[in-house]
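Number of protein chains: 2
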Amino acid sequence: MADDDLLLGYEKDENELWLWDDLPELHMEVGYRINRLLHFERSAYQEISVAETSAFGRMLVLDGVPQITEKDGYIYNEMISHIGLLTHPNPQYVAMIGGGDCGPAREAARYPDIKRIDVVEIDPRVTDVCQRLFNRSRAAALDPRITIFHEDGARWIQKQRERIDVLLIDRSDPFGPAAVLYSRAFYQHVYSSLSYDGIAVFQSGSPFFDMKGLKTTYHRLQSLFPIVRTYVTSIPSFPGGIWSFTVASKRHDPLAANTDKLPAGTRYMNKAIARSAFALPEYIQDALRT
Amino acid sequence: MADDDLLLGYEKDENELWLWDDLPELHMEVGYRINRLLHFERSAYQEISVAETSAFGRMLVLDGVPQITEKDGYIYNEMISHIGLLTHPNPQYVAMIGGGDCGPAREAARYPDIKRIDVVEIDPRVTDVCQRLFNRSRAAALDPRITIFHEDGARWIQKQRERIDVLLIDRSDPFGPAAVLYSRAFYQHVYSSLSYDGIAVFQSGSPFFDMKGLKTTYHRLQSLFPIVRTYVTSIPSFPGGIWSFTVASKRHDPLAANTDKLPAGTRYMNKAIARSAFALPEYIQDALRT
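Read top to bottom, the protein sequences are chains A and B. Per the working numbering, the first sequence runs over residues 1 to 290. Per the working numbering, the second sequence runs over residues 1 to 290.
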């Protein structure tokens, strides 16, 4: 792209192109040198680009914020997916809101007994770009059980009544198009959309840099679901590395998940991790108790 | 400091001072805005500075590389210390090489039965600066069981013969003054310095960005010790977040550590973490198998 047409986050510096992930509240910046810019466009919702970095390979960037990368995207995809899928004894209908890159859908597709996998991604351009530039996305799109809906997830969920066995909320940061996926009403709609023993898993942010956000998610879910548990993982391309997910369940406890069901082929998740992810550091336990 | 006297890593930008942690092999940079520069000097060994950041509070910086911070330093200190201290049934003599900030020494001092804690830090200026500017370091220095030796750790260790119960290798990155702490000879000297049932714990780098370094540490230790286990944690101020330590033991297995001995007052470590830290993601397990 020409100098006067740079997307959010990109900067030219002596003929090198850099992407700067700005963390304004922390007064921090993380810069990646871009070896090649594979795609950029402005969609109806956001700026979408795919950049090739040395540190993480191909990186999907929305409005200047790195979302998922070739080298560590599998960690996010496996960690948001398998805990819920292992916890439910027999999931038939699985859905995910956000995640147009289809990474979590591909993880769900590893379970032969799942009959239907719906992906709800508001921006059709994200899906299209990912399918062209990320192998994982292309592979996922080929599974006949997967259907992609280009709709607002917060509206789509209101049409599902007690139907979904496992629902993954693959939401981006709580501003822009994803802000509505953090509202009190949204959590209520999620509850209503789940079957009598349904399970929802939420991306719930950095426990180190945004404990307040995690606590809000946790407490809102506790007011609705009998079983709510936060688990953590390490995602190198996310600020601070440590990242949280929160699982809300109507009936089945993730600590009793049948980890023998874990399909082969994962690169982060294994039976031990499916349990140990719930061993929270003291600073997180302390914060969630209050 | 004046513009023409800037230390490694620091840059002035429109009257703001920034510290840039340069990761050249990854073509990445992480920048911290410095609210206040509390100290800077050039010692006989390195450039030492303490900077106040928004993201992590006070930060000790050596030759431009962030070492330990006020807000997350406890994670490193607790994780390098307690696994070895819990694994040994009755440690009397504990020593640490590196770590002039005395953070790990303070963790060891929480165990009332430990009789002697030696800290070997090559650079007396590091110890002095930390004791003035980090509360943790000051508190540790007051414990009468702690003695600080300003010596080269690689030489000091050769004078200890089968004496040390728990030895912590709190080494910085494998270049500069710490390079010798990664040599084959050093691992042999560590083995010889330990008592008949002694235990050593090594900082062993980022498993994501430097798997080769972790594998080298792991395999060198395996050629000397009957029990070698790698464990991981999440340290937000370290590149990529996920970080590894490797414990090498002559007799006691860390997986059988008596976690009931864990002293009160930790902020990261707890009984569950003392076990779950050994649950390695598949990508690490795979790499260590080969």
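If you are wondering where the hints come from, they were derived from the structure by calculation, not from laboratory data. Wrong hints could be hidden among the right ones.
A pair counts as met if it fits within one copy or between any two copies, since identical chains are not told apart.
[To be verified] No more than 25 Å apart at the CA atoms, straight line, and that leaves these computed lysine-lysine pairs for PhoX-like:
#1 K215 / K12
#2 K215 / K115
#3 K250 / K12
#4 K261 / K212
#5 K71 / K159
#6 K250 / K215
#7 K215 / K271
#8 K212 / K71
#9 K215 / K261
#10 K12 / K159
#11 K71 / K215
Right, here's what the structure says about each hint:
no.	hint	result
1	K215 / K12	neither (39 Å within a copy, 37 Å between copies)
2	K215 / K115	neither (34 Å within a copy, 42 Å between copies)
3	K250 / K12	neither (51 Å within a copy, 54 Å between copies)
4	K261 / K212	neither (34 Å within a copy, 32 Å between copies)
5	K71 / K159	neither (36 Å within a copy, 45 Å between copies)
6	K250 / K215	within (20 Å within a copy, 43 Å between copies)
7	K215 / K271	between (27 Å within a copy, 23 Å between copies)
8	K212 / K71	between (29 Å within a copy, 16 Å between copies)
9	K215 / K261	neither (31 Å within a copy, 30 Å between copies)
10	K12 / K159	neither (46 Å within a copy, 54 Å between copies)
11	K71 / K215	between (30 Å within a copy, 19 Å between copies)
Comparing the model with each numbered hint stated earlier shows that hints 1, 2, 3, 4, 5, 9, 10 do not hold.
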